[in-house]
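Visitor: Protein chains in written order, with this note's numbering: chain A, 14 to 336; chain B, 14 to 336.
Among the hints, erroneous ones may be present.
Since the list can't tell identical chains apart, any single copy or any two copies may satisfy a pair.
[Stated by the list, open to error] Derived pair list, reagent style SDA-like, types lysine to any residue, alpha-carbon separation capped at 20 Å:
no.	residue 1	residue 2
1	K309	V258
2	K184	A121
3	K239	D98
4	K239	S55
5	K58	V236
6	K43	A162
The set of hints was computed from the structure by calculation and includes no laboratory data.
Each chain, written out:
Protein chains: 2
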Amino acid sequence: MVKTPTFDSVSQDLVRVEQKMRQALETSNKYLTDILFYILDSGGKRIRPALALLATKFGTVNPAEKAIALAAAIEMLHTATLVHDDLIDNSLLRRGKTTINAHWNSGATVLAGDLMFAQAAALAAETQHVRVISLFANTLGIICRGELAQLFAPPWNEQNRTHYYDRIYSKTASLLETAAQSGAILASLPEDQIASLREYGRNLGMAFQLIDDVLDFVGDEHVLGKPVGSDLRQGTVTLPAMYFVQQNPDDELMLRVLNRQEQDPDAIAEVVTRIAQSEAIQTTVDEAREFIRQGKAALHNLPDHPSKDALLSIADFVVEREL
Amino acid sequence: MVKTPTFDSVSQDLVRVEQKMRQALETSNKYLTDILFYILDSGGKRIRPALALLATKFGTVNPAEKAIALAAAIEMLHTATLVHDDLIDNSLLRRGKTTINAHWNSGATVLAGDLMFAQAAALAAETQHVRVISLFANTLGIICRGELAQLFAPPWNEQNRTHYYDRIYSKTASLLETAAQSGAILASLPEDQIASLREYGRNLGMAFQLIDDVLDFVGDEHVLGKPVGSDLRQGTVTLPAMYFVQQNPDDELMLRVLNRQEQDPDAIAEVVTRIAQSEAIQTTVDEAREFIRQGKAALHNLPDHPSKDALLSIADFVVEREL
Numbered sequence: 014m015v016k017t018p019t020f021d022s023v024s025q026d027l028v029r030v031e032q033k034m035r036q037a038l039e040t041s042n043k044y045l046t047d048i049l050f051y052i053l054d055s056g057g058k059r060i061r062p063a064l065a066l067l068a069t070k071f072g073t074v075n076p077a078e079k080a081i082a083l084a085a086a087i088e089m090l091h092t093a094t095l096v097h098d099d100l101i102d103n104s105l106l107r108r109g110k111t112t113i114n115a116h117w118n119s120g121a122t123v124l125a126g127d128l129m130f131a132q133a134a135a136l137a138a139e140t141q142h143v144r145v146i147s148l149f150a151n152t153l154g155i156i157c158r159g160e161l162a163q164l165f166a167p168p169w170n171e172q173n174r175t176h177y178y179d180r181i182y183s184k185t186a187s188l189l190e191t192a193a194q195s196g197a198i199l200a201s202l203p204e205d206q207i208a209s210l211r212e213y214g215r216n217l218g219m220a221f222q223l224i225d226d227v228l229d230f231v232g233d234e235h236v237l238g239k240p241v242g243s244d245l246r247q248g249t250v251t252l253p254a255m256y257f258v259q260q261n262p263d264d265e266l267m268l269r270v271l272n273r274q275e276q277d278p279d280a281i282a283e284v285v286t287r288i289a290q291s292e293a294i295q296t297t298v299d300e301a302r303e304f305i306r307q308g309k310a311a312l313h314n315l316p317d318h319p320s321k322d323a324l325l326s327i328a329d330f331v332v333e334r335e336l
Numbered sequence: 014m015v016k017t018p019t020f021d022s023v024s025q026d027l028v029r030v031e032q033k034m035r036q037a038l039e040t041s042n043k044y045l046t047d048i049l050f051y052i053l054d055s056g057g058k059r060i061r062p063a064l065a066l067l068a069t070k071f072g073t074v075n076p077a078e079k080a081i082a083l084a085a086a087i088e089m090l091h092t093a094t095l096v097h098d099d100l101i102d103n104s105l106l107r108r109g110k111t112t113i114n115a116h117w118n119s120g121a122t123v124l125a126g127d128l129m130f131a132q133a134a135a136l137a138a139e140t141q142h143v144r145v146i147s148l149f150a151n152t153l154g155i156i157c158r159g160e161l162a163q164l165f166a167p168p169w170n171e172q173n174r175t176h177y178y179d180r181i182y183s184k185t186a187s188l189l190e191t192a193a194q195s196g197a198i199l200a201s202l203p204e205d206q207i208a209s210l211r212e213y214g215r216n217l218g219m220a221f222q223l224i225d226d227v228l229d230f231v232g233d234e235h236v237l238g239k240p241v242g243s244d245l246r247q248g249t250v251t252l253p254a255m256y257f258v259q260q261n262p263d264d265e266l267m268l269r270v271l272n273r274q275e276q277d278p279d280a281i282a283e284v285v286t287r288i289a290q291s292e293a294i295q296t297t298v299d300e301a302r303e304f305i306r307q308g309k310a311a312l313h314n315l316p317d318h319p320s321k322d323a324l325l326s327i328a329d330f331v332v333e334r335e336l
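Between the sequences and the hints, there should be enough to build the whole structure, so can you do that?
Guide: If you want it as structure tokens, here you go:
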């Protein structure tokens, strides 16, 4: 198991990002504020704000507070989408903690997510940088369109890998791309370096989601903080499942599960085990490694710098974690 | 009955605003696009974009397309909040048309609203004006905090008129204030004129919501497009109800309805009738007229201009409609 990156060079900044996010969610109602802070505390490894901050270190942001605001905006936007996602999927657990909709009715959950979107927009506006703000708004649009497309997706047997890649770009890679790119823009890097950091972020994001989709089959439930096989149970056909059905076109049980003719939990668990033990996992991991290779290669024209080393090690971590 | 203002001087612009909003909601899925357009078509009198456009006419916006983008951003934000409101209230009708959540599950409705928030932010960013964008983001925050405060409000008998005025400012007046103010900023008006248009917008918004709350008791259901008494049935205590209970402290039926001990539709209808026939209505209308008076007075330092005449007539319309 690879050590979790500690983001050493930006760890002080990340503390300020947490403070900034909390400030943005203060309300006059203590009960409400506590719940909003609980959602923030359910947060993950803060990889998105770390990316944004590391990208800024190749140049200068003046005043430095704007970089903190950008990083907080990125993570706030991410958190807002998770709040609404959990409501839409009716998920009761995320990262081992109960979700907000497990406590609240759907109205309060919708509004908590909306407030986070609003504060994300306000934090982005604090950068005072029109190009960064526009990029940020457009990314939110890409994420929403992707979620809607997934909800109105054609049946699984009319979906191909292009659909899948479009979906994970919208869902995950677009925000990592924007994190790295907007950090670069805010720090006034040359256009070729902005393009490189953007490409790094997109490739990292694609690999990140591929590995997430692999872990949904082979991960440790305690580390995942949710049961394995969640995607399949919710009818979401990810790349490992696509490869499995391609490699095992006559697996009747798999077809019944995909066609939702079979909803028995034991049967779904059996299909999850079959996929977990199949070649489909390695095929998917190999694709993730290829995205990582391309992401690292994109950094070739950035100068030697502690941030560059950090970005390279994050890339390795994303694809090696837990595998 | 007062004639609906036709916004003559900005009617061509308003056609472009509609086109701009539609463009922003185009998706690759025809079914989805049709539903999003249906939501737009359920829109009201477009008073918010008209305000923004009229405010810009006191100065110059270059290129003029930025004024269209601002007006579209304002109305898109308003529409997004309506979509989530209807979901939260579980309303099935708005302006006589079925709401999106009457057709779709809550997940799709959440995402449709989110996409509209995203596109509102993207349209605001098209102004390329940092002050306008910041104002816009902060207004969204005010609206969300207001909605959350309402959801976590104390019991009706611990609420006073300050709570009520805070609530209608957040819910309605803040966006009309921002519409007029941001139009003024974008057109580079002097600061005192920006402040005047802001004050006009806020007062107009307060009056607008007061009259809406009156119409919820005395309006024509066909004009309202929903049954009278909706607020009371949902447990929302508006100013006419506050005045009624103050003027009739011993009305047992009213108290039972407010304490939600009485849920019988006939009993609630009886209370609605009592309020509609009481002095509370006139007291509330008088307060609305006072806001309108202050809003019109705020325009004193703006030059004579067709936009000024239009703003004055909108103010009269808001308080005289249907009464």
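Visitor: Can you give me the call for K184 and A121, within, between, both or neither, at a CA distance of at most 20 Å?
Guide: between (23 Å within a copy, 16 Å between copies)
Visitor: Indicate which option fits the pair K58, V236 if close means a Cα-Cα distance not exceeding 20 Å: within, between, both or neither.
Guide: Close inside one copy (13 Å), not across copies (53 Å); limit 20 Å.
Visitor: Reference check for the pair K239 and D98, CA-CA at most 20 Å: within, between, both, or neither?
Guide: within (15 Å within a copy, 31 Å between copies)
Visitor: Indicate which option fits the pair K239, S55 if close means a Cα-Cα distance not exceeding 20 Å: within, between, both or neither.
Guide: This pair counts as within: shortest intra-copy Cα distance 13 Å, inter-copy 41 Å.
Visitor: At most 20 Å between C-alpha atoms: does K309 with V258 qualify within a copy, between copies, both, or neither?
Guide: So K309 and V258 fail the 20 Å test inside a copy (31 Å) and across (69 Å) alike.
Visitor: Could you figure out if K43 and A162 sit no more than 20 Å apart (CA to CA) within one copy, between two copies, both or neither?
Guide: between (37 Å within a copy, 11 Å between copies)
Comparing the model with each numbered hint stated earlier shows that hint 1 is the single one that does not hold.
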